[in-house]
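Once you have looked at the hints, place chain C on chain Z.
Chains Z and C supply the protein sequences, listed in that same order. Each step along the first sequence adds one to the number in the numbering used here, with nothing skipped, and position 102 is 116. Each step along the second sequence adds one to the number in the numbering used here, with nothing skipped, and position 86 is 128.
Just so you know, these hints were derived from the structure itself, not from any lab. Note that this is a predicted model, so its numbers are computed, not measured. Hints are supplied without guarantee of correctness; some may be wrong.
Said to hold, decoys possible - Result set (SDA-like, lysine to any residue): computed pairs, CA atoms no more than 20 Å apart in a straight line:
{"id": "1", "chain 1": "Z", "residue 1": "Lys-92", "chain 2": "Z", "residue 2": "Thr-127"}
{"id": "2", "chain 1": "C", "residue 1": "Lys-68", "chain 2": "Z", "residue 2": "Ser-114"}
{"id": "3", "chain 1": "C", "residue 1": "Lys-68", "chain 2": "Z", "residue 2": "Val-62"}
{"id": "4", "chain 1": "Z", "residue 1": "Lys-69", "chain 2": "Z", "residue 2": "Glu-43"}
{"id": "5", "chain 1": "C", "residue 1": "Lys-68", "chain 2": "Z", "residue 2": "Ile-60"}
{"id": "6", "chain 1": "C", "residue 1": "Lys-68", "chain 2": "Z", "residue 2": "Lys-84"}
{"id": "7", "chain 1": "Z", "residue 1": "Lys-69", "chain 2": "C", "residue 2": "Thr-142"}
{"id": "8", "chain 1": "Z", "residue 1": "Lys-84", "chain 2": "Z", "residue 2": "Ile-63"}
{"id": "9", "chain 1": "Z", "residue 1": "Lys-84", "chain 2": "C", "residue 2": "Thr-142"}
{"id": "10", "chain 1": "C", "residue 1": "Lys-68", "chain 2": "Z", "residue 2": "Arg-57"}
{"id": "11", "chain 1": "C", "residue 1": "Lys-55", "chain 2": "C", "residue 2": "Ala-129"}
{"id": "12", "chain 1": "C", "residue 1": "Lys-68", "chain 2": "Z", "residue 2": "Gly-111"}
{"id": "13", "chain 1": "C", "residue 1": "Lys-68", "chain 2": "Z", "residue 2": "Ser-56"}
{"id": "14", "chain 1": "Z", "residue 1": "Lys-69", "chain 2": "C", "residue 2": "Ala-129"}
{"id": "15", "chain 1": "C", "residue 1": "Lys-68", "chain 2": "Z", "residue 2": "Ala-113"}
{"id": "16", "chain 1": "C", "residue 1": "Lys-68", "chain 2": "Z", "residue 2": "Leu-61"}
Unchecked claim - Estimated spans, in silico, between C-beta atoms of each pair:
{"id": "17", "chain 1": "C", "residue 1": "Thr-154", "chain 2": "Z", "residue 2": "Pro-23", "range": "18 to 26 Å"}
{"id": "18", "chain 1": "Z", "residue 1": "Ala-85", "chain 2": "C", "residue 2": "Glu-95", "range": "36 to 44 Å"}
{"id": "19", "chain 1": "C", "residue 1": "Ser-49", "chain 2": "Z", "residue 2": "Gln-28", "range": "36 to 44 Å"}
{"id": "20", "chain 1": "C", "residue 1": "Leu-53", "chain 2": "Z", "residue 2": "Thr-32", "range": "36 to 44 Å"}
{"id": "21", "chain 1": "C", "residue 1": "Leu-156", "chain 2": "Z", "residue 2": "Thr-34", "range": "36 to 44 Å"}
{"id": "22", "chain 1": "C", "residue 1": "Arg-64", "chain 2": "Z", "residue 2": "Pro-55", "range": "19 to 27 Å"}
{"id": "23", "chain 1": "C", "residue 1": "Ala-80", "chain 2": "Z", "residue 2": "Glu-75", "range": "38 to 46 Å"}
{"id": "24", "chain 1": "C", "residue 1": "Pro-50", "chain 2": "Z", "residue 2": "Thr-34", "range": "35 to 43 Å"}
As the list claims (entries may be wrong) - Stretch-level coverage of chain Z by chain C, calculated; a stretch enters the list once three of its residues show a Cβ under 8 Å from a Cβ in chain C:
{"id": "25", "segment": "49–61"}
{"id": "26", "segment": "74–85"}
C-beta atoms are modelled at their ideal positions from N, C-alpha and C, and glycine is treated no differently.
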Amino acid sequence: AQTVTQSQPEMSVQEAETVTLSCTYDTSESNYYLFWYKQPPSRQMILVIRQEAYKQQNATENRFSVNFQKAAKSFSLKISDSQLGDTAMYFCAYNTGTASKLTFGTGTRLQVTL
Amino acid sequence: DAGVTQSPTHLIKTRGQQVTLRCSPKSGHDTVSWYQQALGQGPQFIFQYYEEEERQRGNFPDRFSGHQFPNYSSELNVNALLLGDSALYLCASSFRGSYTGELFFGEGSRLTVL
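Isolated chain Z, as found in the complex:
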């Protein structure tokens, strides 16, 4: 069974600093997708960044980037120049395509402070 593990329940970072959220996963599949979703207090799950397992290049989206280590089954999220609006729950998630279920980690609560 696929599992996703986030070992940091809570993290705090000062505005404009950089923070890294950790995620590990377990799968026997050779091709799959990894995601970081953000869930602010408004509740809606918003996609932050996506990585396809067959692509070796790490995905980047503006201030957000990932460190994808396929052999280690690690998928960390780096947020640069943190902003107050980045305060939210962050979930790491995995699937093998839109026909498969999305498996989530337990989340990391990120607080950005002044």
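Below, chain C without anything else, positioned relative to chain Z:
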């Protein structure tokens, strides 16, 4: 372009009652999945509907049932409500033929069982 819409946003029920939650997928999407998110936890997969049939199911009892209509909208029904059913219920939509694996989420329906 409307995203995923869910109704109602909040509702309160008592133990033993039945509830129906509704979801309209993002335009162009044909697959709808439902997730249960308990407070402070990551979402858990309930089931997925495609072509009006349940295609995958998570580890949820038969009290949880669903339906997909020809216009791709979906309902989640929960019978004989228990206190433990109190949660945020998230609907996610996707296009079956997508190569991105991405799911789009609604804002959720917050169910409180008293």
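Okay, the hints, checked on the actual structure:
1. Lys-92/Z / Thr-127/Z: 17 Å, holds
2. Lys-68/C / Ser-114/Z: 18 Å, holds
3. Lys-68/C / Val-62/Z: 18 Å, holds
4. Lys-69/Z / Glu-43/Z: Given pair Lys-69/Z, Glu-43/Z holds - Cα atoms ~15 Å apart, limit 20 Å.
5. Lys-68/C / Ile-60/Z: 14 Å, holds
6. Lys-68/C / Lys-84/Z: 32 Å, violated
7. Lys-69/Z / Thr-142/C: 12 Å, holds
8. Lys-84/Z / Ile-63/Z: 16 Å, holds
9. Lys-84/Z / Thr-142/C: 18 Å, holds
10. Lys-68/C / Arg-57/Z: The given pair, whose Cα atoms are some 17 Å apart, holds under the 20 Å limit.
11. Lys-55/C / Ala-129/C: 12 Å, holds
12. Lys-68/C / Gly-111/Z: 17 Å, holds
13. Lys-68/C / Ser-56/Z: 19 Å, holds
14. Lys-69/Z / Ala-129/C: Cα-Cα ~36 Å, so violated.
15. Lys-68/C / Ala-113/Z: Holds: Lys-68/C and Ala-113/Z sit about 16 Å apart, inside 20 Å.
16. Lys-68/C / Leu-61/Z: 15 Å, holds
17. Thr-154/C / Pro-23/Z: 18 to 26 Å: Because 24 Å falls inside the window, the suggested range holds.
18. Ala-85/Z / Glu-95/C: 36 to 44 Å: 38 Å, holds
19. Ser-49/C / Gln-28/Z: 36 to 44 Å: 39 Å, holds
20. Leu-53/C / Thr-32/Z: 36 to 44 Å: 41 Å, holds
21. Leu-156/C / Thr-34/Z: 36 to 44 Å: Given range 36 to 44 Å: holds, Cβ gap about 41 Å.
22. Arg-64/C / Pro-55/Z: 19 to 27 Å: 23 Å, holds
23. Ala-80/C / Glu-75/Z: 38 to 46 Å: 29 Å, violated
24. Pro-50/C / Thr-34/Z: 35 to 43 Å: Holds: the Cβ-Cβ distance is about 38 Å, inside 35 to 43 Å.
25. 49–61: Coverage by chain C holds here, the residue count being 8 at a Cβ distance below 8 Å.
26. 74–85: violated (count 0)
The structure fails to meet hints 6, 14, 23, 26 from the earlier list, while all remaining hints are met.
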